[in-house]
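In order, the protein sequence lines correspond to chains A and B.
Going left to right, the first sequence walks through residues 3 to 227 as this note's numbering numbers them.
Going left to right, the second sequence walks through residues 7 to 86 as this note's numbering numbers them.
Hints listed in this document are in silico derivations from the structure and should not be mistaken for laboratory results.
Quick caveat: nothing in here was measured; it's all calculated off a predicted structure.
Virtual Cβ for every residue (Gly too), placed ideally from N, Cα, C.
Misleading hints may appear alongside valid ones.
What follows is a list of derived Cβ distance ranges for each label pair [what the hints assert, rightly or not]:
id	chain 1	residue 1	chain 2	residue 2	range
1	B	V85	A	N133	26 to 34 Å
2	A	P41	B	V85	25 to 33 Å
3	B	K83	A	P11	28 to 36 Å
4	A	K194	B	K16	21 to 29 Å
5	B	K46	A	I4	35 to 43 Å
6	A	I4	B	Q44	41 to 49 Å
7	A	K227	B	E79	37 to 45 Å
8	A	T79	B	E75	24 to 32 Å
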Amino acid sequence: MIANIIVFPGSNCDRDIKVALEKFQIKCKMIWHQENELPKADLVVLPGGFSYGDYLRCGSMASKSVIMNEVIKHASTGAYVIGICNGFQILTETKLLPGALLRNYMLKFICRRINLIVKNNTTPFTNKYKNKAKIKIPIAHNEGNYYADEATLKKLEENEQIVFQYCDENYEINNNGNPNGSSLNIAGIVNKKQNILGMMPHPERCIENFLGEADGIPFFESLLK
Amino acid sequence: MKFEVFITLKKEVLDPQGKAIENALGSLGIQGIETVRQGKYFSIVIDEKEKNKAEKIVKTACQKLLANETIEEYSFKIVK
Numbered sequence: 003m004i005a006n007i008i009v010f011p012g013s014n015c016d017r018d019i020k021v022a023l024e025k026f027q028i029k030c031k032m033i034w035h036q037e038n039e040l041p042k043a044d045l046v047v048l049p050g051g052f053s054y055g056d057y058l059r060c061g062s063m064a065s066k067s068v069i070m071n072e073v074i075k076h077a078s079t080g081a082y083v084i085g086i087c088n089g090f091q092i093l094t095e096t097k098l099l100p101g102a103l104l105r106n107y108m109l110k111f112i113c114r115r116i117n118l119i120v121k122n123n124t125t126p127f128t129n130k131y132k133n134k135a136k137i138k139i140p141i142a143h144n145e146g147n148y149y150a151d152e153a154t155l156k157k158l159e160e161n162e163q164i165v166f167q168y169c170d171e172n173y174e175i176n177n178n179g180n181p182n183g184s185s186l187n188i189a190g191i192v193n194k195k196q197n198i199l200g201m202m203p204h205p206e207r208c209i210e211n212f213l214g215e216a217d218g219i220p221f222f223e224s225l226l227k
Numbered sequence: 007m008k009f010e011v012f013i014t015l016k017k018e019v020l021d022p023q024g025k026a027i028e029n030a031l032g033s034l035g036i037q038g039i040e041t042v043r044q045g046k047y048f049s050i051v052i053d054e055k056e057k058n059k060a061e062k063i064v065k066t067a068c069q070k071l072l073a074n075e076t077i078e079e080y081s082f083k084i085v086k
């Protein structure tokens, strides 16, 4: 498997995701945002960070960069796209995924491990997790408050596009376990075709047992299936 | 032609920053403030003399970049 990792000015998880993908024998190419061609690949990753210093709105400037036309073309062929954190924000700004990510409800940057439920384990990104798996993955964001109008949320539910949901210490999905005010505790979604995933948590940050948590491992193993 | 462009969160979208500012104004003892919503302001000069054409350019800028219409709405007025 080959992955293209898009690097924007201000990306800062680009090398982390490269290390993670390579651990699972996925070959990586780093692609600067001003390139106008994407090498052939199975997967495109939009990494975390603060592209363009979060000017205007998080992800908005990156979503208009030259390379994104190629990412949209890549996605339209059914090939995989993953947007993590800032990458998720970029995906909503390009409208490859519905909704938007607002400022965290409590107006604080949150950087901690969080409990998640794998709501849909039939996607190409989650098929190595058990159904309703209870996992811990770190989050680190200021704008992760997922918002979509009622009609969109209903569609996300009906089409089983909600992939990860925030939950409390007992893995109950409720307000207590919602760190940022996201609608329906949404932490990650896919498009209807299930080839594009956006998520706020960072699976690339928990792939080594010696770091305490390694619940990101099945995420990368899913890609290889 | 010079424009003032305002971007605000849609009414149905919560604005926690606006709410925090509203509370801070209250705690300063400033009376009579009902609600505060925070937004963005842009000053844009368009190289176009015809009003309709200039407005069309601003509208396109709002729709394509300045506002994210999933969560925001825009308004503008000509100042010169």
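So, going through the hints one by one against the coordinates:
Range check, V85(B) to N133(A): Cβ separation about 58 Å, and the 26 to 34 Å hint is violated. With their beta carbons about 48 Å apart, P41(A) and V85(B) fall outside the hinted range of 25 to 33 Å. Remark: the range hint 28 to 36 Å for K83(B) to P11(A) is upheld by a beta-carbon distance near 34 Å. Between K194(A) and K16(B) the Cβ separation comes to about 24 Å, which falls inside the hinted range of 21 to 29 Å.
Here the CB-CB span from K46(B) to I4(A) is close to 40 Å, well matched to the stated 35 to 43 Å. At about 44 Å, the CB distance of I4(A) to Q44(B) agrees with the hint of 41 to 49 Å. Between K227(A) and E79(B) the beta carbons are some 43 Å apart, a value that agrees with the proposed interval 37 to 45 Å. A C-beta distance of roughly 27 Å is found between T79(A) and E75(B), which places it inside the suggested range of 24 to 32 Å.
The earlier numbered hints that this structure contradicts are 1, 2.
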